[in-house]
Amino acid sequence: MKKQISILLLGLLCVFSSYSQDTLQAVKVISKNKGLHKSSKITANTTLVTSKELLKAACCNLAESFETNPSIDVNFSDALTGTKQIKMLGLTSPYLMIAEENIPSVRGASQAYGLSFTPGTWIESIQITKGAGSVVNGYESISGQINTELVKPINNIPFFLNAYSSTDARFELNTHFNLKISDKWTSALFVHGNTRTSKNDMNDDGFLDNPLAKQINILNRYQYYNAEKGLVSFINFRYMNDKKQTGELGFNPNKDKGTTNFWGSEIHTERFDVSSKVGYVFKDMPYQSIGFQNAFNTHNQESYFGLNQYNIKQSSFYSNLIFNSIISNTMHKFATGLNFTYDKYQEFVNVNDYSRIDNSVGAFFEYTYNNDSNFSLVAGGRVDNHNRLGTFITPRLHIRYNPWEKAVLRVSAGRGKRTANIFAENQPLFASSRNFDILNTSGKIYGLDPEIAWNYGLSFNQKFIIFGKNADAGFDFYKTDFTKQVVVDLYTTPSIPETHQVLLYNLNGKSFANSLQVDFNVELAKHLDLRTAYKYYDIQTDYLSGRSERPLQAKHRFFANLGYETHIVEKGKQWKFDFTYNWMGEQKLPETASNP
Numbered sequence: 008m009k010k011q012i013s014i015l016l017l018g019l020l021c022v023f024s025s026y027s028q029d030t031l032q033a034v035k036v037i038s039k040n041k042g043l044h045k046s047s048k049i050t051a052n053t054t055l056v057t058s059k060e061l062l063k064a065a066c067c068n069l070a071e072s073f074e075t076n077p078s079i080d081v082n083f084s085d086a087l088t089g090t091k092q093i094k095m096l097g098l099t100s101p102y103l104m105i106a107e108e109n110i111p112s113v114r115g116a117s118q119a120y121g122l123s124f125t126p127g128t129w130i131e132s133i134q135i136t137k138g139a140g141s142v143v144n145g146y147e148s149i150s151g152q153i154n155t156e157l158v159k160p161i162n163n164i165p166f167f168l169n170a171y172s173s174t175d176a177r178f179e180l181n182t183h184f185n186l187k188i189s190d191k192w193t194s195a196l197f198v199h200g201n202t203r204t205s206k207n208d209m210n211d212d213g214f215l216d217n218p219l220a221k222q223i224n225i226l227n228r229y230q231y232y233n234a235e236k237g238l239v240s241f242i243n244f245r246y247m248n249d250k251k252q253t254g255e256l257g258f259n260p261n262k263d264k265g266t267t268n269f270w271g272s273e274i275h276t277e278r279f280d281v282s283s284k285v286g287y288v289f290k291d292m293p294y295q296s297i298g299f300q301n302a303f304n305t306h307n308q309e310s311y312f313g314l315n316q317y318n319i320k321q322s323s324f325y326s327n328l329i330f331n332s333i334i335s336n337t338m339h340k341f342a343t344g345l346n347f348t349y350d351k352y353q354e355f356v357n358v359n360d361y362s363r364i365d366n367s368v369g370a371f372f373e374y375t376y377n378n379d380s381n382f383s384l385v386a387g388g389r390v391d392n393h394n395r396l397g398t399f400i401t402p403r404l405h406i407r408y409n410p411w412e413k414a415v416l417r418v419s420a421g422r423g424k425r426t427a428n429i430f431a432e433n434q435p436l437f438a439s440s441r442n443f444d445i446l447n448t449s450g451k452i453y454g455l456d457p458e459i460a461w462n463y464g465l466s467f468n469q470k471f472i473i474f475g476k477n478a479d480a481g482f483d484f485y486k487t488d489f490t491k492q493v494v495v496d497l498y499t500t501p502s503i504p505e506t507h508q509v510l511l512y513n514l515n516g517k518s519f520a521n522s523l524q525v526d527f528n529v530e531l532a533k534h535l536d537l538r539t540a541y542k543y544y545d546i547q548t549d550y551l552s553g554r555s556e557r558p559l560q561a562k563h564r565f566f567a568n569l570g571y572e573t574h575i576v577e578k579g580k581q582w583k584f585d586f587t588y589n590w591m592g593e594q595k596l597p598e599t600a601s602n603p
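In terms of this note's numbering, the sequence shown opens at residue 8 and continues consecutively.
It is worth saying that the hints were derived from the structure and are not from the lab. Treat each hint with caution, since some may be false.
What the hints assert, rightly or not - Dumping the calculated DSSO-like pairs for lysine-lysine here, alpha-carbon to alpha-carbon at most 30 Å:
{"hint": "1", "residue 1": "LYS159", "residue 2": "LYS476"}
{"hint": "2", "residue 1": "LYS533", "residue 2": "LYS595"}
{"hint": "3", "residue 1": "LYS59", "residue 2": "LYS451"}
{"hint": "4", "residue 1": "LYS48", "residue 2": "LYS578"}
{"hint": "5", "residue 1": "LYS59", "residue 2": "LYS476"}
{"hint": "6", "residue 1": "LYS491", "residue 2": "LYS59"}
Stated by the list, open to error - Label-pair distances were calculated between CB atoms; the ranges are:
{"hint": "7", "residue 1": "TYR571", "residue 2": "ASP291", "range": "46 to 54 Å"}
{"hint": "8", "residue 1": "ALA170", "residue 2": "PHE471", "range": "38 to 46 Å"}
{"hint": "9", "residue 1": "ASP208", "residue 2": "TYR571", "range": "54 to 62 Å"}
{"hint": "10", "residue 1": "LEU569", "residue 2": "ASP291", "range": "49 to 57 Å"}
{"hint": "11", "residue 1": "ASP175", "residue 2": "GLU412", "range": "47 to 55 Å"}
{"hint": "12", "residue 1": "LEU328", "residue 2": "PHE279", "range": "19 to 27 Å"}
{"hint": "13", "residue 1": "TRP590", "residue 2": "PHE519", "range": "21 to 29 Å"}
Think of the CB as a built atom: it goes at the ideal place given N, C-alpha and C, for glycine as much as any other residue.
With the hints as extra help, turn the sequences into a complete structure.
This is the structure we're talking about:
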């Protein structure tokens, strides 16, 4: 019995819920030998990215951790701030549920830059789920879910030091301290700092290639682990201070801020987080557990982009109670619970005040059937009451079927509903000469309606042997249909000449995103692996000027990654080489002749 409880508790260290035991088993088994893995036993279309794969990306933070993953598209959101933006199924990160150890992390005020606030050395693994996610984690996700697992104190080494420098004057230092307080308690202190101090302009356009930056990031976490009593818990304290300056080479904020001498921008973000997680496995019923998650954070951003000033402060509280058990036997499992979310926004665009308070309470139930052979199903639903969105239901479904050996077929469907934080999510537009013009006034969020979409998915993967080497091939197709959407219109010509604007209004017509991905991966030789993918996107929206493709969205993309590892020699010494190639087709740009 103690052995069973210990195994389940180790699973709780990775995730508290979310597709329960089938996901946990995959994590435990494969994380030792592969950097990127899709298990044929997991119901959802989930990819596990381990720390071994993260070494390939030469990443410095979470935003830079997806360069070698074909499921995620990584682009720069704009040419000024140098911020990397991720997309899944052709949709930007606000349509993803991004969590840290299954607690929502990048949302609201942190949408634009939040991914860069998690250092790469803190990351233990990343789980990427395409399509509708689990109802356990909320109602907001539309295109998928990304969950990041941080290094656990119980598994960490006593001391870790990592330093990084680059030719563009970026310097970074990471250090971890681990302390075993007692047989049950372990503590870890993570300290990260980075800076870029030199101005670079390689293309001679008069603007900085990368922003000047300074960041200090500290995480102190405590872990309690008691296998005999079936208890595991985490307590986390975190502080982050980030400063960025960008613009023209000659811009000096002490002299030029608020003037037209030189164009410049500064973004100062300060963030504080406290979170706790408690999990209990019933001693005489190892299949039954209960988890309680709580998180509080404040996110304060003060910024200006030329003459446009944007300040936002978000204070949030999140609480989630989860109960896992079985119905009759372990082939029939369920998860049920309650959660509560509170968000206070103090938001100012120049002199306009857009402050508000959002809160919601919800209940969920998720049923899992798994015959431990070739079929599994996850069906869930939740009911939420939101002070601005009203009362609504969120259904979601995932099905897995193994038609023959080493093959897996998956289908999924689900609904998502979210509040569009139009200014926080579109901060790069502040750097343009355009003014925000909200055309609707009857909605409860900036005068606009909430966004609602249905996502449907189909995927297939087959593993096989070719010329004596392991290989696999597969495809997935996902369709996202918006029934309600906040349209960010960069196409429509201004009604008043000589004015430059971006229009925001409720969708009147159709908006959809179709995504097709075809993969082929093969072991070319011992220690030499090739990973390839082709992606096709058809993403269109009905604008005031007519139906058009989304701006800056390539229809065709090709990805290839070649990795080689030498034999491991004495004391674990090994060389690793990695080459990644990304090709993007043409992208549509808004017409700027009459609306720069």
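Against the structure, the hints come out as follows:
1. LYS159 / LYS476: Since the Cα atoms of LYS159 and LYS476 sit roughly 35 Å apart, the hinted pair is violated (cutoff 30 Å).
2. LYS533 / LYS595: violated, 42 Å
3. LYS59 / LYS451: Answer violated: LYS59 to LYS451 is near 46 Å, above 30 Å.
4. LYS48 / LYS578: Violated, because 35 Å separates the two Cα atoms, which is more than 30 Å.
5. LYS59 / LYS476: Holds, because 21 Å separates the two Cα atoms, which is no more than 30 Å.
6. LYS491 / LYS59: Violated, at about 40 Å.
7. TYR571 / ASP291: 46 to 54 Å: Check passed, 51 Å falls within 46 to 54 Å.
8. ALA170 / PHE471: 38 to 46 Å: Because 43 Å falls inside the window, the suggested range holds.
9. ASP208 / TYR571: 54 to 62 Å: violated, 36 Å
10. LEU569 / ASP291: 49 to 57 Å: Given about 52 Å between the Cβ atoms, the range holds.
11. ASP175 / GLU412: 47 to 55 Å: At 50 Å between Cβs, range holds.
12. LEU328 / PHE279: 19 to 27 Å: holds, 24 Å
13. TRP590 / PHE519: 21 to 29 Å: holds, 25 Å
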